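Enquirer: Hey, can you work out the whole structure from these sequences and the hints?
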Amino acid sequence: MTIKNSVSLLVAICFSFQIWAQQSATYTSNLAEYQKALSLYNNQQYLAAQSLFGSVKKDTKETVLLSDCAYYIANCAVRLNQQNADQLVENFVKDYPTSTKRNTAYVDVAEYYFVNGKYAYARKWYDKVDESGLGRNEKEKFYFNNGYSAFSSKQYKEAKQYLTRVENSKQYGSQAKYYIGFMAYEGDDYENANKYFEQVSNQEQYKEKLSYYQADLNFKLGNFEKAIELAKAKLKSSDKNEVSELSKIIGESYFNLKQYAEAIPYLEAYKGKNGKWSNTDFYQLGYAHYKQGNYEKAISEFNKIIGGTNSIAQNAYYHLGESYIKLNKKQEALNAFRNASEMDFDLKIQEDAWLNYAKISYEIGNPYQSAPQVLATYLEKYPKSTFKEEIETLLIDSYITSKNYKEALKLLDGKKSFDNKVAYQKVAFYRGLELYNESNFIEAKNLFEASLKEPRDANFTVRATFWKAETDYNLTNYNDALISFKQFQQQSGASSTPEHKNIDYNLAYTYFKLKKYSQTAHYFNQFIASNKKNDNVRLNDAYLRLGDAYFVSSEYKNAITAYENAIKLSAVESDYAFFQKAISAGYVGQDSKKIKELEQFILEYQKSKLRDDAMYELGNTYVKAGDSDKAIQIYNRLSAEYKMSSFVPKALLRQGLVYYNGSKNEQALSKFKQVAGEYPDTPEAVQAVSTARLIYIDLGRVSEYATWVKTLKYVEVTDADLDNATYEAAEKQYLDNNTDRAITQFNGYLNQFPNGLHALQSHFYIAQMYYKKGLMDNAAPHYKYVVETSRSEFSEEALSRLSQFYLEKKDWNKAIPLLERLEDEANFPQNVVFAQSNLMKANYQLESYNKAVSYAEKVLANSTIDNKIKADANVIIARSAIKTNNETKAKEAYAKVETVATGETAAEALYYNAYFKNKETKYEASNTAVQKLAKDFSGYKYYSAKGLVLMAKNFYALKDAFQATYILESVIQNFTEFNDVVTEAKAELSKIKAQEAKTNSSVQAGN
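The sequence shown lines up with residues -21 to -1, 1 to 986 when you count with mature numbering (1 follows the signal peptide of the UniProt record, and there is no 0).
None of these hints come from the bench; they were simulated from the model. Among the hints, erroneous ones may be present.
Unchecked claim - Each computed DSS-like pair below joins lysine-lysine, with the alpha-carbon atoms no more than 25 Å apart: (1) Lys255 to Lys211; (2) Lys120 to Lys103; (3) Lys609 to Lys586; (4) Lys870 to Lys849; (5) Lys103 to Lys118; (6) Lys788 to Lys830; (7) Lys37 to Lys15; (8) Lys751 to Lys495; (9) Lys901 to Lys965; (10) Lys622 to Lys609; (11) Lys789 to Lys385; (12) Lys788 to Lys751; (13) Lys80 to Lys97; (14) Lys394 to Lys367; (15) Lys898 to Lys965; (16) Lys547 to Lys536; (17) Lys118 to Lys149; (18) Lys73 to Lys103; (19) Lys898 to Lys938; (20) Lys977 to Lys965; (21) Lys237 to Lys276; (22) Lys205 to Lys237; (23) Lys118 to Lys136; (24) Lys849 to Lys308; (25) Lys763 to Lys751; (26) Lys789 to Lys837; (27) Lys308 to Lys901; (28) Lys847 to Lys862; (29) Lys914 to Lys870; (30) Lys80 to Lys103; (31) Lys432 to Lys465; (32) Lys609 to Lys643; (33) Lys536 to Lys575; (34) Lys849 to Lys480; (35) Lys536 to Lys495; (36) Lys360 to Lys394; (37) Lys830 to Lys847; (38) Lys308 to Lys327.
Quick caveat: nothing in here was measured; it's all calculated off a predicted structure.
Expert: Laid out in structure tokens, this is it:
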């Protein structure tokens, strides 16, 4: 080696030593900083430690030191809850895969989260740990912590997997068994739960916790005595919430042991889950009270069970029904038994509930379906029932007592037994009466005849005979009516019927319609003789018609006596009697008396419908007495005061004749032309033309007559003979009651002579015949013709019939003008009443409530109207008051309706009786009215449905939630045809359920 090389080597060695010395000093310095950072970490000064570890990591290149610094930096980030903590740990594992701290990092992070109660985070990191890299003690801790973290996160399957690995661990075994037992308890595995709890129950730290669970476990395992013992022991040391749960365990255990008295105080002490009881809770307390005979308290619990659809609910509703029965609350019991009968969890309870439901339906009525339907359905469902004979008996009677005759007829159809035929006879009779009162005479007659075909009960046979006669009378079948009235009179037992007292009156009227006046007088005299002390309205009418019979028989003195007797009663139509008496005086030759009485009539009866008649008759009598001037004056007065009277054309014609007979031809022609021009198509017009023709001939002005007569479309002078002959042929068929042939010939006449001399009469008679045959669509155009021509003797009846036609079609706008005319023009009081009563109805339908009420008050001012019309008038007033929010007036009107109404009107009035009592918070009284509605008027389903909604509101106000919700649900299910009622029921049900859901966990608001 040369000196040069030796020197070079020496220099190199010195340089290397210098570098090593420098590196060694740096490492030593970094190590010192690292130790300082570690000390800060161990003293939990994580932020300072993290910063120092970062500085060391930055300055060192030593792999181990870099790895350790990265580990602690990530660990500090976890403990400082820094956002990038998880990523730093993941980076550490990734960057230093061979680090001995890799597994430790996962464990440390997991344990940090575990200690701080962040079990979901802990689970995430425990899942990353390599179990094989852990020592025995570390593994036990890992298993327990991982299992507990899973338990706390309610991941019971994973929790059990880890905790069972340490259940025999000295350190962790007791805790693991406790948690395994708890998970078994939560999973309803009571046997295993009890097994694990028993293993740790002697340890003080678990003793307090386990006492509740063991009590509950024993209860759930059916060890009720043990459950009571454990729960009672725990009660004194429990907090308020635990006392509630323990009370439930004790109470329900006593309940299952049938020790109901002991159960009650503990069941009552239960506060519910989150302050709410369930249907089962209410059932148990209710049943305990029921078994103690405390039915009011039982009801107060049972009726909180809403919407139950299980065996417990069925049992509860059945016993609720029995409790109601014990307290004689049959309407409430009906609903409870009905509900229980609709469930099939226990078939014996279902059958018993059905039986009770059927019996109570018979006793008090049923608002959901008719009592006969319920009874019949029970027999169909349980044909072998031991109560079959009893229910069949009730079924027969219920057809009558339910008054739902329409439905009863359907149920009786085809039933052949003797008892059913007896029932059918009665039901057909009563249904016939209903239809008769609704003026449906054809169907009423069919039912009276059907009743007569089953002559099982003599009383109903007699009564049906009478009412068949009445329907025939109203259908203008007077001969048939006479036969039936006579049959009624001759039947044994007739004298004991309510119809008998008026049989003479009815016979008299029938003979009157048949124009057999001597028999008419005979029967009216018999009626008067036996009815002088009662029924003044009918007695007055009998005197009037007796007078008429004598009058048309030309027995004028007897007529005068009858009319005078009518006047003495000071009843209705005294103006008619006075007028007829005056006319009769003329017929017996007392013209001066006739004139005096007619003058008196005109003065005293200013509002009489006969005042224009009186003026016309007075004018005629003046003419007869030769006082033409007075005659002309009264005729002029008639024309001025009664422009619309049918007597105006007659009076004008008479004036023309007076002038003609006095040789005042021009004045006569003026009157005749006025009649012919203003009153075409009337008999007066025809006579006026005929007399004018004579005057023109006398004056030699025939061409002037011809010119004038051509302006009159209804005069076809050359066809007059053919016109008369054709009409007379048709009229003969009409008078001979050959209806079909008469219709054909009258139609033939009108086709040939559409503007003929007898067109008016022909149209009227055709209309009458079509009406009698029930063909109103055919009759209407002919009545319309009569109504639209000048006023005549046919106008009044045509107005009545045609307006009735439009009323039945609910064409109110067409009916009203006709009714207004009828009210103004009618001579017969009954037609005035008809017009006014239907004007009030039509105006109500058109929402003209003030007009409707005005007409109703007019109707009520008439003291002679029958109860049905009174009821209708008060109903219109009441309904209008409801529509205009005047409930005070409505209440008063409906109260009046209720005293006189029948059928649907009575049902409506009874509903409002209940409605106003509800408004006044008289809930029980309101329910009583609804019960009466259900029993007596179940056939009128709309008001039954509305009444039920009202009843539900009443029950809820009386704190009976079951009744309220059950009724509303039944309405929604059973009355779908009434949208308004169902909508109201749904809204009310939703409101109740929302309220009940606050205290009953079994109720879902809005469902």
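Enquirer: Decide, hint by hint, whether the structure agrees.
Expert: Quick rundown of the hints versus the structure:
no.	hint	verdict
1	Lys255 to Lys211	holds, 23 Å
2	Lys120 to Lys103	holds, 16 Å
3	Lys609 to Lys586	holds, 23 Å
4	Lys870 to Lys849	holds, 16 Å
5	Lys103 to Lys118	holds, 17 Å
6	Lys788 to Lys830	holds, 21 Å
7	Lys37 to Lys15	holds, 16 Å
8	Lys751 to Lys495	holds, 21 Å
9	Lys901 to Lys965	holds, 23 Å
10	Lys622 to Lys609	holds, 19 Å
11	Lys789 to Lys385	holds, 24 Å
12	Lys788 to Lys751	holds, 18 Å
13	Lys80 to Lys97	holds, 23 Å
14	Lys394 to Lys367	holds, 16 Å
15	Lys898 to Lys965	holds, 20 Å
16	Lys547 to Lys536	holds, 17 Å
17	Lys118 to Lys149	holds, 13 Å
18	Lys73 to Lys103	holds, 17 Å
19	Lys898 to Lys938	holds, 17 Å
20	Lys977 to Lys965	holds, 19 Å
21	Lys237 to Lys276	holds, 18 Å
22	Lys205 to Lys237	holds, 16 Å
23	Lys118 to Lys136	holds, 19 Å
24	Lys849 to Lys308	violated, 36 Å
25	Lys763 to Lys751	holds, 17 Å
26	Lys789 to Lys837	holds, 22 Å
27	Lys308 to Lys901	holds, 17 Å
28	Lys847 to Lys862	holds, 22 Å
29	Lys914 to Lys870	holds, 22 Å
30	Lys80 to Lys103	holds, 18 Å
31	Lys432 to Lys465	holds, 18 Å
32	Lys609 to Lys643	holds, 16 Å
33	Lys536 to Lys575	holds, 17 Å
34	Lys849 to Lys480	holds, 24 Å
35	Lys536 to Lys495	holds, 19 Å
36	Lys360 to Lys394	holds, 18 Å
37	Lys830 to Lys847	holds, 20 Å
38	Lys308 to Lys327	holds, 23 Å
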